[in-house]
Amino acid sequence: PELLAAFQARIDAGEKIEPKEWMPEAYRKTLIRQIGQHAHSEIVGQLPEGNWITRAPTLERKAILLAKVQDEAGHGLYLYCAAETLGVSRDDLTEQLLNGRMKYSSIFNYPTLTWADIGAVGWLVDGAAIMNQVPLQRTSFGPYSRAMIRICKEESFHQRQGYDLMRAMATGTAEQKAMAQDALNRFWYPALMMFGPSDKESIHSTQSMAWRIKINTNDELRQKFVDQTVPQAQYLGLTIPDENLVWNDEKGGWDFSEPDWSEFYEVLKGNGPCNTDRMEARQKAWRDGEWFREGLMAHARKSAARRVAAE
Amino acid sequence: PELLAAFQARIDAGEKIEPKEWMPEAYRKTLIRQIGQHAHSEIVGQLPEGNWITRAPTLERKAILLAKVQDEAGHGLYLYCAAETLGVSRDDLTEQLLNGRMKYSSIFNYPTLTWADIGAVGWLVDGAAIMNQVPLQRTSFGPYSRAMIRICKEESFHQRQGYDLMRAMATGTAEQKAMAQDALNRFWYPALMMFGPSDKESIHSTQSMAWRIKINTNDELRQKFVDQTVPQAQYLGLTIPDENLVWNDEKGGWDFSEPDWSEFYEVLKGNGPCNTDRMEARQKAWRDGEWFREGLMAHARKSAARRVAAE
Amino acid sequence: EHDLFTGLTRLGDTTLILGHRVSEWCGHAPILEEDIALANMALDLIGQTQLWLGLAGEVEGRGRDADALAFRRDAWDFHNLLLVERPNGDFGVTLMRQFLFDAYHLPLLKALEGSTDARIAAIAQKAGKEVAYHLERSADLVIRLGDGTEESHRRMQGALDALWGYAGEMFLGDAVDERLAAAGIMPTPESLRAEWDRTIDTVLGEATLVRPASDFAHKGGKQGRHSEHMGHLLTTMQWLQRAYPDAKW
Amino acid sequence: EHDLFTGLTRLGDTTLILGHRVSEWCGHAPILEEDIALANMALDLIGQTQLWLGLAGEVEGRGRDADALAFRRDAWDFHNLLLVERPNGDFGVTLMRQFLFDAYHLPLLKALEGSTDARIAAIAQKAGKEVAYHLERSADLVIRLGDGTEESHRRMQGALDALWGYAGEMFLGDAVDERLAAAGIMPTPESLRAEWDRTIDTVLGEATLVRPASDFAHKGGKQGRHSEHMGHLLTTMQWLQRAYPDAKW
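Chains as they are written, first to last, in this note's numbering: chain C, 24 to 334; chain L, 24 to 334; chain B, -11 to 237; chain D, -11 to 237.
In isolation and in its complexed conformation, chain C is listed as follows (with noise of 0.2 Å):
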């Protein structure tokens, strides 16, 4: 307990936490599951946008989301080694992935359905991303925090990029504009939930706070996302899919439709579009590279069988 009020007390004064450092064993749980499902969410979140890699349909726009891509394999791989930093391995928490224990973003069981999502996932996805994400730069473990400042910078680049492609589909010929409407109408809600349940829902809140591991309640962030957006869907001419989307002068921010929650959970429990394509997709790159990693660890294995011998 006095422990307990130490480790309380440098995280109310801001202090980092780093990994050898002592921290209560629900932290640390806490912290792993959040980590990595994050990382998994990188990982997963590739495949929408992969799956319109191959249909790019500019060299430009290619390069672009293949370098997106890159980098969220990337933010993978920083926030699977802020997981081990807390003493649980990649593989580990694949499994984890690959068994369903450990959740990813619901949002990426949603489909790539036309060329537009690319460019709604760019803006609206990693606009909720970023938007839960900034503040987790000061959160209080000091890997998590000093990954999130790194893959803040590049997401926000990848909004601003999801924004342009929008906007040439929103400025284009007719049909064009027909796929950014409809990205924006099939994505808006997935969007909203990226942010959780009202915090009245959540029973892991209170504590999370106290310990930094979140900074603002989920309706914060929701209001703010949704008071960015909304201007910049208008200066696309898209309509946001909400006939009760208001402004409100009192609170200074647009009242807005709660998502429809219970699709929210049919989704969690696995019934999302994509669930399924999307874990067996996982599954199967894990299975068919099974003797590619275990080469690699054999070569390794013999190198260092032979440079023992050769000392």
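Don't read these hints as lab results, they were simulated from the structure.
Being a predicted model, the structure only gives us computed values, none of them experimental.
Heads up, the beta-carbon is just placed ideally off N, CA and C, and yes, glycines get one too.
You can trust all of the hints, since none of them are fake.
Simulated DEER-style distance windows between Cβ atoms:
{"id": "1", "chain 1": "L", "residue 1": "Glu303", "chain 2": "D", "residue 2": "Ala205", "range": "18 to 26 Å"}
{"id": "2", "chain 1": "B", "residue 1": "Arg167", "chain 2": "D", "residue 2": "Asp234", "range": "32 to 40 Å"}
{"id": "3", "chain 1": "L", "residue 1": "Lys43", "chain 2": "B", "residue 2": "Gly146", "range": "44 to 52 Å"}
{"id": "4", "chain 1": "L", "residue 1": "Phe180", "chain 2": "B", "residue 2": "Glu46", "range": "27 to 35 Å"}
{"id": "5", "chain 1": "D", "residue 1": "Asp128", "chain 2": "L", "residue 2": "Glu177", "range": "52 to 60 Å"}
{"id": "6", "chain 1": "B", "residue 1": "Arg60", "chain 2": "L", "residue 2": "Gly37", "range": "55 to 63 Å"}
{"id": "7", "chain 1": "L", "residue 1": "Thr262", "chain 2": "D", "residue 2": "Glu101", "range": "39 to 47 Å"}
{"id": "8", "chain 1": "C", "residue 1": "Cys104", "chain 2": "D", "residue 2": "Asp128", "range": "19 to 27 Å"}
{"id": "9", "chain 1": "L", "residue 1": "Glu118", "chain 2": "B", "residue 2": "Arg167", "range": "54 to 62 Å"}
{"id": "10", "chain 1": "D", "residue 1": "Ser202", "chain 2": "L", "residue 2": "Thr108", "range": "38 to 46 Å"}
{"id": "11", "chain 1": "D", "residue 1": "Asp128", "chain 2": "B", "residue 2": "Arg60", "range": "47 to 55 Å"}
{"id": "12", "chain 1": "C", "residue 1": "Glu317", "chain 2": "L", "residue 2": "Glu303", "range": "24 to 32 Å"}
{"id": "13", "chain 1": "B", "residue 1": "Glu46", "chain 2": "C", "residue 2": "Thr196", "range": "27 to 35 Å"}
Here are the simulated lysine-lysine pairs, DSSO-like style, with alpha carbons at most 27 Å apart:
{"id": "14", "chain 1": "L", "residue 1": "Lys307", "chain 2": "C", "residue 2": "Lys307"}
{"id": "15", "chain 1": "L", "residue 1": "Lys292", "chain 2": "D", "residue 2": "Lys207"}
{"id": "16", "chain 1": "D", "residue 1": "Lys207", "chain 2": "L", "residue 2": "Lys126"}
With chain C held as given, fit chains L, B and D onto it using these hints.
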């Protein structure tokens, strides 16, 4: 030797040999090889056409192509049945195809690169096949002869459809016409090769002709094919890729250039553009289908056992 | 009229996409008899597509024929069931998809034979004969493979489990379905469920396969919301018409 | 000038098609590091494509830019090597294809740095830095997997055997190559063989892999005669540009 003389006398008299009758071992072996190769050709022949089924440009063309490929698989079935009457099982023959001991027609080692190739295959490849097969309706082995009668009827239908496709291309847009000409350029010499090297080079021919397993010489059939095809090409406004093509009044036929026989032997050796892909496709189909075939057999055994138990 | 167009494209798009998927097997089936049977089934389905989409184009009256509808629309304008756009997988998945569909397709066509629209009744009658054979064949194979080896059983059960979530959409009506049913043109999807359930239970029983408990149903295909697989299928299917829009074939 | 256009499309089409093939792996690689490396390599290759095809379009002077060349030609107008259009296969095939190509690509670019055409020399210089890294990486992995487990060895040898017949085309010159070489614009393909052979022999040796004896070489890609795989690749790659020819992206 008496048996042999009597056998030859029956053939010379135009009688059909039936499976249960006596026949020389060499006759049986030669027939198995010939019928088996022909059957394999029907099977492998599905692949170059199947390559465009999923890209057929209209529903009608897609239906025609599906019907054609279905017929070809059907021909394969008749022919394997004819071969089975000679005491070799379909599985045996298939194994010999897959391990490379038996061949299929080299023409199917050429790729179908444009939609016009589907026309060229029907017009030229089926055309050459018919030229080879029509005389075989009168071949001495009964089951083979009967299979050929049925096959020829369907093949000439295919040829007409191929020619019709070619006509649509040759009278279409500039791009379509270019595809048609290019298809003719690529398939002309391979089609000429389908009759085999000049009979002067061929060892087996004399015996096969005496047995009426082979009816015409390769050169006769090739000449006939050229004479039939040249006016058809002219009608389409396409140019046969042979500068030496010239009408020879004396022989009442066209003089033409020999194909490049070194290419023929190269393809035979396995170095055609598609040999590896074709064999891999068939091997994969066979390998992937193992569980299916075993499942059916297991069920048949169970059902039989149940019937016995019920009696 | 717009309802009728939608209803007809639901029928024709479904046969088109399934026919396309089946045709992908060409030359790659596990035995020669299956090569023949699959080509034959694809042929029937493409033939039915010509009739359904041909009529849809007529009803629409904007000069689009069956080919224009098949080859010039993008994914969101297709109204096929999600089930038929599922990738082929192994032969067991292809077969199970076919069986789940055939067992619905046949009662659908039987009901359509009683349509107040004589053109629809005529198409349904012709197609019904073909589909009766499809069902006979797919049911028989499901039984033989379900009750075959351990491996064939495992694969068929796996296929059933994987596809089950896509079966429910066949029986989910929307406002279009209701209006068409009210006019006696097409049956409500819900009305086809009982016979389907009977067929499924009988065949799965004989096949020693276990009917999945979940009744969750993916939906959206009929309304034009497809899976990621659909777009890839169209890149192939529509290639020539897209690359050479001025050509006649 | 037409020769130069052809020569440049041979370079640009080859990087384009290989970049496309590599990009097909996105999200499916055996380890995260490979996901990153493959995306990076595809990115480099697409970047080089923009430069080569951009210059080709300039040289042609008919108003076609790199995108028009990449997305609006059909298969027979592409001049890439057959090697790079081979399907990805397992990761071993992808890697071996990359290694066989990298070992040729680097000396090619080094030679192009000395081109009499300054624009070509400049592109080659930039690309050479990227490709030096590609070769380092692919050679290293070939060694590690060739001399890894029995299975990884078997797969790498299988990949080598399967791809070997497509390597020879890299060193087969035609009249266009000769004229470009005579003008000091590009090297003859034959002149690149010795260094390639050295690299291959060294790396295969370390990898305990056996160099195939056959010197048969498939050819035709450089002249626009491709494999059946090419047409399928284009249906995907060119889909949007073909389906929406009036759009700007």
